[in-house]
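2 protein chains.
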Amino acid sequence: MAKKSYKEMSKKELLHEKGSLEAAFDEWKNRGLTLNMARGKPSEEQLDLSMDLLNVGVEEIDVVRAEKNIDLRNYGGLEGIYSARELLATMLEVNADQVILYGNSSLNMMFDTIGRAMVKGLLGHTPWGKLDKVKFLCPVPGYDRHFSICNYYGIEMINVPMTEDGPDMDMVEKLVAEDDAIKGIWCVPKFSNPQGIVYSDETVKRFARLKPAAEDFRIFWDNAYCVHYLYDEIRIPNIIDECEKAGNPDMVFEFCSTSKISFAGAGISGMAASSANLKDALATMTVQTIGHDKVNQLRHSIFFEAGKKIPEHMKKHAAILRPRFEMVLKTLERDLGGRDAGEWLAPKGGYFITFTSVPGCAKRIVELCKTAGVVLTGAGAPFPYGKDPEDSTIRIAPTYPSRDELELAADIFTICVRLASVDKYLETAK
Amino acid sequence: MAKKSYKEMSKKELLHEKGSLEAAFDEWKNRGLTLNMARGKPSEEQLDLSMDLLNVGVEEIDVVRAEKNIDLRNYGGLEGIYSARELLATMLEVNADQVILYGNSSLNMMFDTIGRAMVKGLLGHTPWGKLDKVKFLCPVPGYDRHFSICNYYGIEMINVPMTEDGPDMDMVEKLVAEDDAIKGIWCVPKFSNPQGIVYSDETVKRFARLKPAAEDFRIFWDNAYCVHYLYDEIRIPNIIDECEKAGNPDMVFEFCSTSKISFAGAGISGMAASSANLKDALATMTVQTIGHDKVNQLRHSIFFEAGKKIPEHMKKHAAILRPRFEMVLKTLERDLGGRDAGEWLAPKGGYFITFTSVPGCAKRIVELCKTAGVVLTGAGAPFPYGKDPEDSTIRIAPTYPSRDELELAADIFTICVRLASVDKYLETAK
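In order, the protein sequences belong to chains A and B. Under the numbering used here, the first residue of the first sequence carries the number 9, and numbering increases by one thereafter. Under the numbering used here, the first residue of the second sequence carries the number 9, and numbering increases by one thereafter.
Excised from the complex, chain A in its bound form:
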């Protein structure tokens, strides 16, 4: 049965629809559920995939000690052990010597990289903290924690709209060429957070060819989901190589981690960049730390065979996540398709589905969901300063709940979307 669009309904029809939706909503509310689609966390099933990593222990440490005469339990080796650098290099399709390792959090490395730029400056340039104004471009919707870092350091954020090929590159090119206060841009190039968009080859190449007014402009290329496919592998050009080819070797910092590959709290992370940039980073790290946990690096390089086992391992993650994504998408289509009650993309990887509601409804939908027992990421979170200009973007995180819970949560979500949409249309209906 084809559904009638709310846009085309009369006031009377909308009021009738509202009545049934309110009844359904009350029924859900009275069940007193507590469900959560807010968090981009791996599920227990996914974490279980890497349990053997915990068993890398005494014997392996002894083997490394014997073979390479390196004691991973002691100080030293600031850049990380080679086989673990290989692991991340394989994921990013670069060479191991283009990668240095950090602790368990790539976010921490991004935060510290901006801290370093503020205090020391990059490659000899004026520290950003000494400038009157520092600005970052923020493709929106984007990752809230990137924006929190800018906020922390007092960096002004400028929205750049996302297209289905990535950020609006006409706008990016124009802005960075004009304004030397623009020092960076946040990018999640594969399966963007939250839309799951994969940057097109042309977008990646245009990034590499940017001609920023600021010599110390940097692309913060957060390749958080580089191997996080739901279906087949998807490749994009390697930004490190592209920047080098375009004569901009120092323009990019690329980050990644195993947070959503091994353990979200106990993985390893790192950065790929030009040798000049890596040297610059190590000069700060040598003051900051005694070096990161090499034993955990060893666990990871052994478990993933320095990267060789990543494709096989990620297929297991996909097998767990794919049905969750498909179930949510099916529910959206079933309940909202043809109603003019919002839009969404079907991501091919990553951790989120973005739902775009009728303008002015996102906050209301999040509130309604909360009342009915489903926690969603706060409306506005995927925007700088928490301000969604259209009040229409909602990030759905389908990875963490059990499938049963997710099914309930999706059912509740669409009821709330419909209710908010009907109310919105009623404001102007005749």
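Honestly, the hints are just simulated from the structure, not real lab data. All figures in this text were calculated on a predicted structure; none of them were measured in a lab. Watch out, some of these pointers could steer you wrong.
You can't tell identical chains apart in this list, so a pair holds if it fits in one copy or across any two.
[To be verified] Straight line, CA to CA, 30 Å or less: simulated DSSO-like cross-link-like pairs of lysine-lysine: (1) Lys395 / Lys287; (2) Lys182 / Lys19; (3) Lys138 / Lys395; (4) Lys287 / Lys141; (5) Lys287 / Lys128; (6) Lys182 / Lys26; (7) Lys141 / Lys128.
Starting from the known structure of chain A, fit chain B onto it as the hints suggest.
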């Protein structure tokens, strides 16, 4: 046979002594040894004490999951897991809720704490980065990496002499009361780096009662060697309690780690402070990181039974280290006692012995040692800006080499000290 002091020797006697020393020196040099007394690193034997920690794995994670319904493999728990906070709290003699955890490096936590003070300010005070001048008091000799952090952030360092009871408190009290640009002081209160001095009870209490001109003045109490006894346990008053009692609850950050208890590269670290300070720190950490490695925290809390096994474990370390310290001290006494060729203290814990040469000899001794195959910490390193005003302080690190190597290194060291001293006395001898 009593040795004759170089001070009392005639020129002729000194020249004769010089001749024999040069012969001995050349003999060592020709052996082409490569020995190292520079690094405050645990030895392999010490690291071997904690190997069972690596075997904490699948089973234990499952137990925690089942018992406490917390998945340590996932995101969350920014302040660290409770049992690991208990572990560090036991070491510092505070309560677990007075402690938050960091990654594997307490140095990193100190670096980041100063970074936070620079960018955000402490407890609502003006960020240090916005002030014309920020100064730190630096008891000397001290830990070079503390000074490197100040240097990194452009903080001016003021030397404060150490006494056998800790820093010169008359000077500390006067300076902090007079100058509100003085925002901090570095302290290693137990077995100070490098002298091994334990602050007296009165010193600790005078610290707690400081009346600094700057409201956001902080004592950086780096209790790196809090349980690192060579002989019996030695207690000092708890600085957190003392500051609270003195009405200065927010004036101190206390740091510690298991770097020299479990593994130097793969331990856990943390900070004890007032609840206001911890809340302030967490507000930054929540922007900076997804949280530190809780699986490694679990390994530590299980292996050390949340702290209960620390005393027993540290006795094993002491059994390894004590003979090394004693051997070096015996060699110093044997070769240098009564010669007026330098002084030293016999530490009761920690990682170093400080040798104080005849003024103007430290650099020369380090160079001579290098020529003869023994690497020492650079002369000047234990001072801000690398400048030892007397050129007389040499840090000896006896923990890392094997005992055989250490014996050779100590023998070479005293020859070099004697040679440099004789040359120095010859400058004025008649």
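For each hint, the structure was consulted:
Only between protomers do Lys395 and Lys287 lie at most 30 Å apart by alpha-carbon distance; the minimum there is 26 Å, versus 38 Å within a single protomer. Within a single copy, Lys182 and Lys19 get their C-alpha atoms no closer than 46 Å, and across copies no closer than 79 Å, so neither meets the 30 Å cut-off. Both within a single protomer and between protomers do Lys138 and Lys395 lie at most 30 Å apart by alpha-carbon distance, with minima of 28 Å and 29 Å respectively. When the C-alpha separation of Lys287 and Lys141 is checked against a cutoff of 30 Å, the pair qualifies both within a copy, at 27 Å, and between copies, at 29 Å.
In this homomeric assembly, Lys287 and Lys128 come within 30 Å of each other (Cα to Cα) both inside a single copy, at 13 Å, and across copies, at 27 Å. Neither within a single protomer nor between protomers do Lys182 and Lys26 lie at most 30 Å apart by alpha-carbon distance, with minima of 46 Å and 74 Å respectively. In this assembly of identical chains, Lys141 and Lys128 lie within 30 Å of each other by CA distance both inside one copy and across copies; the values are 16 Å within and 17 Å between.
Figure legend: structure checked against the earlier numbered hints; hints not met, in rising order: 2, 6.
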